[in-house]
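*Asks:* Protein chains in written order, with the numbering used here: chain A, 929 to 1039; chain B, 70 to 183.
Calculated from the structure, these hints are not laboratory results. Every residue, glycine too, gets a C-beta built ideally from N, C-alpha and C. Watch out, some of these pointers could steer you wrong.
Stated by the list, open to error - Result set (DSS-like, lysine-lysine): computed pairs, CA atoms no more than 25 Å apart in a straight line:
id : chain 1 : residue 1 : chain 2 : residue 2
1  : B       : K78       : A       : K970
2  : B       : K91       : A       : K970
3  : A       : K970      : B       : K110
4  : A       : K996      : B       : K167
5  : A       : K999      : B       : K87
6  : A       : K950      : B       : K107
7  : A       : K950      : B       : K110
8  : B       : K167      : A       : K985
9  : B       : K109      : A       : K970
10 : B       : K107      : B       : K87
11 : B       : K78       : B       : K109
12 : B       : K110      : A       : K999
13 : A       : K985      : A       : K996
14 : A       : K970      : B       : K107
15 : B       : K88       : A       : K970
16 : B       : K107      : B       : K91
17 : A       : K950      : B       : K109
18 : B       : K167      : A       : K986
19 : B       : K91       : B       : K109
To be verified - Examples of chain A residues toward chain B, derived with CB under 8 Å:
id : residue
20 : S956
21 : N959
22 : Y960
23 : P962
24 : P972
25 : D977
26 : R979
27 : G983
28 : R1022
29 : Q1026
30 : F1027
31 : F1029
As the list claims (entries may be wrong) - Example chain A residues on the side facing chain B (calculated, C-beta under 8 Å, incomplete):
id : residue
32 : K970
33 : L974
34 : R989
35 : F1017
36 : T1023
37 : N1025
38 : G1032
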Amino acid sequence: GENVEQHPSTLSVQEGDSAVIKCTYSDSASNYFPWYKQELGKRPQLIIDIRSNVGEKKDQRIAVTLNKTAKHFSLHITETQPEDSAVYFCAASRTGNQFYFGTGTSLTVIP
Amino acid sequence: DTEVTQTPKHLVMGMTNKKSLKCEQHMGHRAMYWYKQKAKKPPELMFVYSYEKLSINESVPSRFSPECPNSSLLNLHLHALQPEDSALYLCASSQVGKAGDTQYFGPGTRLTVL
Chain A
929 GENVEQHPST LSVQEGDSAV IKCTYSDSAS NYFPWYKQEL GKRPQLIIDI
979 RSNVGEKKDQ RIAVTLNKTA KHFSLHITET QPEDSAVYFC AASRTGNQFY
1029 FGTGTSLTVI P
Chain B
70 DTEVTQTPKH LVMGMTNKKS LKCEQHMGHR AMYWYKQKAK KPPELMFVYS
120 YEKLSINESV PSRFSPECPN SSLLNLHLHA LQPEDSALYL CASSQVGKAG
170 DTQYFGPGTR LTVL
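Let the hints inform the model, and build the full structure from the sequences given.
*Replies:* Rendered as structure tokens:
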């Protein structure tokens, strides 16, 4: 089956700096890569996703890049704010009904 | 309505109790999921229903019993649970469960087994 690795496990940045979280996957047939943000005690919320026919996608301060050849994808958050502090999970899927999640990154934005 | 709802928010039960978790969505989605999440870990898939039929059961112990009465509702029946089953139980739904579908999560039920 698919194996998704996520790094780093914890990340602290100063407010206003950028944050980058990286994931690698093993199944070359995976074609959908969502990113979820989960605040303490709350549900995972989709923040951005990318499909395998696209190399990059941006939504305001958040962007995701995908390198299919190297089988890795990354989340980029620019101009970080304290409310960006949360746990971020990447995931990979090829069938739609089975998501393989990374182990999570705990992001802390220091005011 | 663009939300997945879950009840109850919190549940405390003894090892001999029988209880049920409920999940509801009115987005017209035909795939629904149960996940278990331990603190600071990713969600672990338990069950997938596609068009009201169980399509994936990730070797979950029989003390967890899912049920999909209709396309909007998903239940998880609990019986004779163990303390290690204490976790956040998340429901999710997606359009049809095909490649590229996004899964939307409910707020979860925080379960404590005494």
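*Asks:* The structure should be examined with respect to each hint, and the outcome stated for every one.
*Replies:* These are the hints, each one checked on the structure:
| no. | hint | verdict |
| --- | --- | --- |
| 1 | K78(B) x K970(A) | 11 Å, holds |
| 2 | K91(B) x K970(A) | 17 Å, holds |
| 3 | K970(A) x K110(B) | 13 Å, holds |
| 4 | K996(A) x K167(B) | 20 Å, holds |
| 5 | K999(A) x K87(B) | 45 Å, violated |
| 6 | K950(A) x K107(B) | 22 Å, holds |
| 7 | K950(A) x K110(B) | 17 Å, holds |
| 8 | K167(B) x K985(A) | 21 Å, holds |
| 9 | K109(B) x K970(A) | 12 Å, holds |
| 10 | K107(B) x K87(B) | 21 Å, holds |
| 11 | K78(B) x K109(B) | 19 Å, holds |
| 12 | K110(B) x K999(A) | 23 Å, holds |
| 13 | K985(A) x K996(A) | 14 Å, holds |
| 14 | K970(A) x K107(B) | 13 Å, holds |
| 15 | K88(B) x K970(A) | 22 Å, holds |
| 16 | K107(B) x K91(B) | 19 Å, holds |
| 17 | K950(A) x K109(B) | 18 Å, holds |
| 18 | K167(B) x K986(A) | 24 Å, holds |
| 19 | K91(B) x K109(B) | 24 Å, holds |
| 20 | S956 | 14 Å, violated |
| 21 | N959 | 6 Å, holds |
| 22 | Y960 | 5 Å, holds |
| 23 | P962 | 6 Å, holds |
| 24 | P972 | 5 Å, holds |
| 25 | D977 | 6 Å, holds |
| 26 | R979 | 6 Å, holds |
| 27 | G983 | 16 Å, violated |
| 28 | R1022 | 6 Å, holds |
| 29 | Q1026 | 7 Å, holds |
| 30 | F1027 | 6 Å, holds |
| 31 | F1029 | 4 Å, holds |
| 32 | K970 | 7 Å, holds |
| 33 | L974 | 6 Å, holds |
| 34 | R989 | 20 Å, violated |
| 35 | F1017 | 5 Å, holds |
| 36 | T1023 | 6 Å, holds |
| 37 | N1025 | 4 Å, holds |
| 38 | G1032 | 6 Å, holds |
In terms of the numbered hints stated before, the structure departs from hints 5, 20, 27 and 34, listed from lowest to highest.
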